[in-house]
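Enquirer: Here is what each chain is made of, one letter per residue.
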Amino acid sequence: MADVPQPLTKPAGATGRGGSAVLAALTSRAVIAPIAAVVVFLVLWELLVWANGWPDYVMASPSDLPPAYAQYWELFLIMGWQTLWRTVVGLVVAVIFGVLVGMVMGFSRVMRDALYPLLVGFNAIPKATVVPIVALLFVGQHDFNTVLIAFMISFFPIAVSVSIGLSTLEPEYRDILRSLGASQATIFWKIALPKTLPEFFGALKVAVTLAFIGTNLMEIVSPHGRGLGALFDSGKTNSNYPLMFAVLIALAFLGIVLYYVVVALEKIFAGWAERSPG
Amino acid sequence: MQNLIEIKGVRHAYQTQSGPLPVLDGLEIAVPEGGFVAVVGPSGCGKSTLTKLVAGLLKPDEGEVWLHGEKVKSPRSTVGMAFQNPVMLEWRTILQNVMLPLEIVPTKMTRRQKEDRARYLLDLVGLAGFEGKRPSELSGGMRQRASLCRALVHSPEVLILDEPFGALDAFTREDLWQIMHQVKEKEPFTGVLITHDLRESIFLADQVVVLSGRPARTQYVLDVGTTGTRDLDHLYTAEASEMLATLRHQIEVAQGRAPAEPEQTATPDLPPGSAAQGMA
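Those protein sequences? They're chains A and B, same order as listed.
If you count the first sequence from 1, you need to add 296 to reach the working numbering.
If you count the second sequence from 1, you need to add 90 to reach the working numbering.
Bear in mind the hints are in silico, worked out from the structure with no lab data behind them.
No experiment lies behind these values; they were computed from the predicted model shown.
Backbone N, C-alpha and C define an ideal beta-carbon position, used for all residues, glycine too.
Errors might be hidden in some of the hints.
As the list claims (entries may be wrong) - Example chain A residues on the side facing chain B (calculated, C-beta under 8 angstroms, incomplete):
{"#": "1", "residue": "Ile472"}
{"#": "2", "residue": "Ala478"}
{"#": "3", "residue": "Gln480"}
{"#": "4", "residue": "Leu550"}
Generate coordinates for the entire structure from the input sequences, incorporating the hints supplied.
Expert: Following this line, the structure appears as structure tokens:
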């Protein structure tokens, strides 16, 4: 589930020719290619269901989805928003916590040796088993619980990437700045932090999808009727199979949106790390 | 003349798991203001430790390092450094990379002046027109030139060069040797060059210090006898060959491959003026 699709990168070397025509061509390719892929996917899915003659309780086909969306449109908006904001909050907490832990581990060997087993052990625990514990621990705090699980499942890659980024800083950088009398804080802001950004964004792309898993685990398992997970669950209870598939697709859509937000942030803050191919 | 850099009886050891590892044991180096010393010696003999001591990044266990009549206790901004690996901040342009020290060292310069200073230096090393490029767009030699500009941008009294040309091809290296002389003429500094290249040492420096094997002490000091700019042809004179032969021999002694005193083995100490046979 943590698989991350390859980012669609524009060929950066082609900017020299200038002109809006080139830009438009690039944009169209970057937009048309993924859309075409989605269309092909939907057609194959439809064909698969049609060829096997599956009824919608075995597997819904894409053509079953629009009615489901139309019928529950308002629920999709409300629940989708609930899922989205809780995922984003969980992710933000994961970024803050993960960066802090990564900094501690990146700058101190002792802390790295001390914390790694703990972190790995914690990460190895399936979060589905943590969900009932958390639900019992903070009974009724549904928003809090959901954010907590989203955070717990997604901070690990961030912490690890930041710590690796910081601990692999070439000693020459440090020597040059220290020989000029720079403080540790200056070295962090001027060099360590920007140098770690590419690794950080790589981890964030993984964390985005993980956070969605966390949010939905809580929404499905814990009966509070909030979020797309709850909508999925109600589809299941009411044997409304097209609704269940519609939720899955909606989740995928939200995941893609958030993923591309991260890609856009990466372009802004760490675009320098992307080299032109060849 | 007062010596700008003075290293007196420096001893230093690194703490390792199997006990202290002495790297420097009785180091004596004196460089007058505007002088240029090259330090050569077997690999792993503590040359890089020496640069850290001069830069104030390390404190010696024993002995003293003096810069401009002051004992070095902590890093000082009157030092510029360039390394074999010309690390550049990939997210900055070349110009911004060169200006980095000016963001750290206290200075009264305006932003405009800082930029002009960086542009001037880049022009001096032949990188005019590359100010806006990213480091990844430059060749190794060009990056090393930019690294040199960064080391000089805050007008340091002392320039420490830790094998800066070691990773470059022979032609690029000779190119940069000449650029070094041009730069020193326009931007006077007192230089410490760590190198493995004996030709480089006598081409750039006024005195060459040979360190013994680890733990290193000053084993031999060669007076190059020339100061300031010189020609590459100078390297192909009998005089230069003789110096190279002497240094070569001293390195062999430092490596423990030749006896120190009775010098009638492989590379004899040549009487002045005679042709030398061995080139480094």
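Enquirer: Take the shortest C-beta to C-beta distance between Gln480/A and chain B; is it under 8 angstroms?
Expert: Violated. Min distance 12 angstroms.
Enquirer: Using the nearest Cβ pair, does Ile472/A come within less than 8 angstroms of chain B?
Expert: holds (6 angstroms)
Enquirer: Interface hint check: Ala478/A, Cβ to nearest Cβ on chain B, cutoff 8 angstroms. Holds or violated?
Expert: With Cβ-Cβ at 5 angstroms, under 8 angstroms, it holds.
Enquirer: Would the hint on Leu550/A be counted as holding, given a Cβ-Cβ threshold of 8 angstroms to chain B?
Expert: Violated: closest Cβ of chain B sits about 31 angstroms from Leu550/A, beyond 8 angstroms.
When each numbered hint is compared with the structure, violations occur for hints 3 and 4.
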